[in-house]
Amino acid sequence: MTGWDAFVFSFLNLRVLGEYWPSILEGFFVTVELAMLIVVAGLALGLVLAVIRAFGIRPLNWLIIFLVDLFRALPPLVIIVLLYFGLPAAGLSFSGFAATFLSLTLVLAAFSEEIYWAGITAVPHGQTEAARSLGLRFLPVLFLVVLPQALRMVIPPLVNRTIAITKGTALGSVVAVSEILGAAQSSVAFSSNPSPLTLGAIAYLILFLPVVIMGRRIETHFAKPFAR
Amino acid sequence: MTWEDFQAAFLEWSIVVEAWPILQAGLISTILLSVMTVPLGILGGIILAVLSRAESRWVSIPLGIWVDIFRSLPPLVLLIFIYAALPFAGLDLGAWGSVALAFFLNTGSYYAEILRAGLESVPRGQSEAARALGLRPAPIFFLIVLPQAVKNVLPDLVSNTLEVVKLTSLASVVALPELLYQARQAQSVTYNATPVVAAAILYFIMLWPVVRLLSRLENQKIAANR
Numbered sequence: 001m002t003g004w005d006a007f008v009f010s011f012l013n014l015r016v017l018g019e020y021w022p023s024i025l026e027g028f029f030v031t032v033e034l035a036m037l038i039v040v041a042g043l044a045l046g047l048v049l050a051v052i053r054a055f056g057i058r059p060l061n062w063l064i065i066f067l068v069d070l071f072r073a074l075p076p077l078v079i080i081v082l083l084y085f086g087l088p089a090a091g092l093s094f095s096g097f098a099a100t101f102l103s104l105t106l107v108l109a110a111f112s113e114e115i116y117w118a119g120i121t122a123v124p125h126g127q128t129e130a131a132r133s134l135g136l137r138f139l140p141v142l143f144l145v146v147l148p149q150a151l152r153m154v155i156p157p158l159v160n161r162t163i164a165i166t167k168g169t170a171l172g173s174v175v176a177v178s179e180i181l182g183a184a185q186s187s188v189a190f191s192s193n194p195s196p197l198t199l200g201a202i203a204y205l206i207l208f209l210p211v212v213i214m215g216r217r218i219e220t221h222f223a224k225p226f227a228r
Numbered sequence: 001m002t003w004e005d006f007q008a009a010f011l012e013w014s015i016v017v018e019a020w021p022i023l024q025a026g027l028i029s030t031i032l033l034s035v036m037t038v039p040l041g042i043l044g045g046i047i048l049a050v051l052s053r054a055e056s057r058w059v060s061i062p063l064g065i066w067v068d069i070f071r072s073l074p075p076l077v078l079l080i081f082i083y084a085a086l087p088f089a090g091l092d093l094g095a096w097g098s099v100a101l102a103f104f105l106n107t108g109s110y111y112a113e114i115l116r117a118g119l120e121s122v123p124r125g126q127s128e129a130a131r132a133l134g135l136r137p138a139p140i141f142f143l144i145v146l147p148q149a150v151k152n153v154l155p156d157l158v159s160n161t162l163e164v165v166k167l168t169s170l171a172s173v174v175a176l177p178e179l180l181y182q183a184r185q186a187q188s189v190t191y192n193a194t195p196v197v198a199a200a201i202l203y204f205i206m207l208w209p210v211v212r213l214l215s216r217l218e219n220q221k222i223a224a225n226r
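Line by line, the protein sequences give chains A and B.
Each residue of the first sequence is one higher than the one before, starting from 1 at the first, in the working numbering.
Each residue of the second sequence is one higher than the one before, starting from 1 at the first, in the working numbering.
Please note that a few of the clues may not be correct.
As the list claims (entries may be wrong) - Simulated pairs of lysine to any residue, SDA-like, Cα-Cα distance not exceeding 20 angstroms: (1) K221/B to T121/A; (2) K221/B to H125/A; (3) K221/B to V150/B; (4) K221/B to V123/A; (5) K221/B to V32/A; (6) K221/B to V39/A; (7) K151/B to G134/B; (8) K221/B to D69/A; (9) K151/B to A130/B; (10) K221/B to E219/A; (11) K221/B to T220/A; (12) K221/B to R152/A; (13) K151/B to P177/B; (14) K221/B to Q149/A; (15) K151/B to T161/B.
Calculated from the structure, these hints are not laboratory results.
Bound-form chain A, shown alone (with noise of 0.2 angstroms):
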């Protein structure tokens, strides 16, 4: 075998990638179905907290900002381990799909809070003032004017933030999650070929070169109006 022939069977080996690319597209799926509960999950609960935190209830908020540090500070991938293997011995027995959930929904959650935060706290003060003194409330006045135009500020840091907390999700292959990395890693061990890993990777491009390409296009976007 010549160099490129070896390259080939070994890394687009298309008997080996025939046999194995319909467990990859199942992975794809599990992928995107994973991404799309933690995006969810993990904005909206951010959101709350950052609400909460705007009530500037003293205590509360040091719990809140404990909790996010915490978040920020650890690894994922022991946040995972430690659900996974950890919670066992507490008789809580979570799925890997689940504890990936819950561990990523949780960082990305720490992560938005303080995005958000820093949003409502760079609204000019003047803004509500002047809405309370139309006679506006603190509710309306956090919802209706101070909220729209954070949430319009801090769009590119939580676009970027979220797509790097969502790759994460190749993590779940630690506890055997069949996500892309998962499914490709178990059909390398079966044909003892690592054809299925090129597939993987290429499976990871589709899913997030144009989510990356659309991050920076809303940074650039975004970023002007507000230059100073």
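Given the coordinates of chain A, assemble chain B onto it according to the supplied hints.
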């Protein structure tokens, strides 16, 4: 479950004492790994960021594609590919080498994006003035432009560095004996989840100051932009 049961399963001090030599070895590897991967990523980032300022489209377009590809691949996928697939092509880097290459490619691309934005934020007049004073290109870049660029994107750089240190936990997947891997080993030896909790606490102690610093830097940035 009573508090005593919970404590015995997750916070048993005698287990921490027993597992400490294993955890300590892991902690040292994690620190070594961070000391290795952060400079490697920054180096990769500087190279890519400088190259991406090239006038020629033949350089900047392939470079943009390169950066986007490595930002799109989850780091674990890249690591597994390098560790498990490349040996079939005769390239066996081992656990440390695989982690080094994966981090160079992945985190280098993230640092590149940040540094590129930083370099673009430095007015052209700065390097023109430096050249007028007779400085050569290398001193202009390293003494005039780069320090200002770094200052302008400092929160993003710190944030990315935090992520890189957290990412070193992925090395456990390729059996590199860093903190998480060692904690799992200790868990299987002691039949107790305490070592994993202890590892989580160690990560938190190491990284909490960085998270606090980051919050302060970000708040300063917001205050400055207001």
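20 angstroms Cα cutoff - pair K151/B, A130/B: The hint holds at about 18 angstroms.
Satisfaction of hint between G134/B and K151/B, Cα-Cα up to 20 angstroms: Distance of about 24 angstroms is beyond 20 angstroms: violated.
Holds or violated: K221/B to V150/B, with C-alpha atoms at most 20 angstroms apart: holds, 14 angstroms
Pair hint outcome, K151/B versus T161/B [Cα-Cα no greater than 20 angstroms]: holds, 15 angstroms
Proposed proximity, V123/A with K221/B (alpha carbon, max 20 angstroms): Answer holds: K221/B to V123/A is near 14 angstroms, not above 20 angstroms.
Straight-line alpha-carbon gap K221/B to H125/A, limit 20 angstroms: holds, 17 angstroms
K221/B paired with R152/A [C-alpha distance capped at 20 angstroms]: Holds, at roughly 18 angstroms.
Given hint Q149/A paired with K221/B - CA-CA distance at most 20 angstroms: holds, 18 angstroms
Straight-line alpha-carbon gap K221/B to D69/A, limit 20 angstroms: holds, 19 angstroms
Pairwise hint evaluation, P177/B against K151/B, where the allowed Cα distance is 20 angstroms at most: violated, 35 angstroms
Agreement of K221/B and T220/A with the hint, judged by alpha carbon distance not exceeding 20 angstroms: At roughly 18 angstroms apart (the allowed maximum being 20 angstroms), T220/A and K221/B satisfy the hint.
Hint consistency between K221/B and T121/A [alpha-carbon to alpha-carbon, up to 20 angstroms]: holds, 12 angstroms
Checked against the numbered hints above, the structure violates hints 5, 6, 7, 13; every other hint is satisfied.
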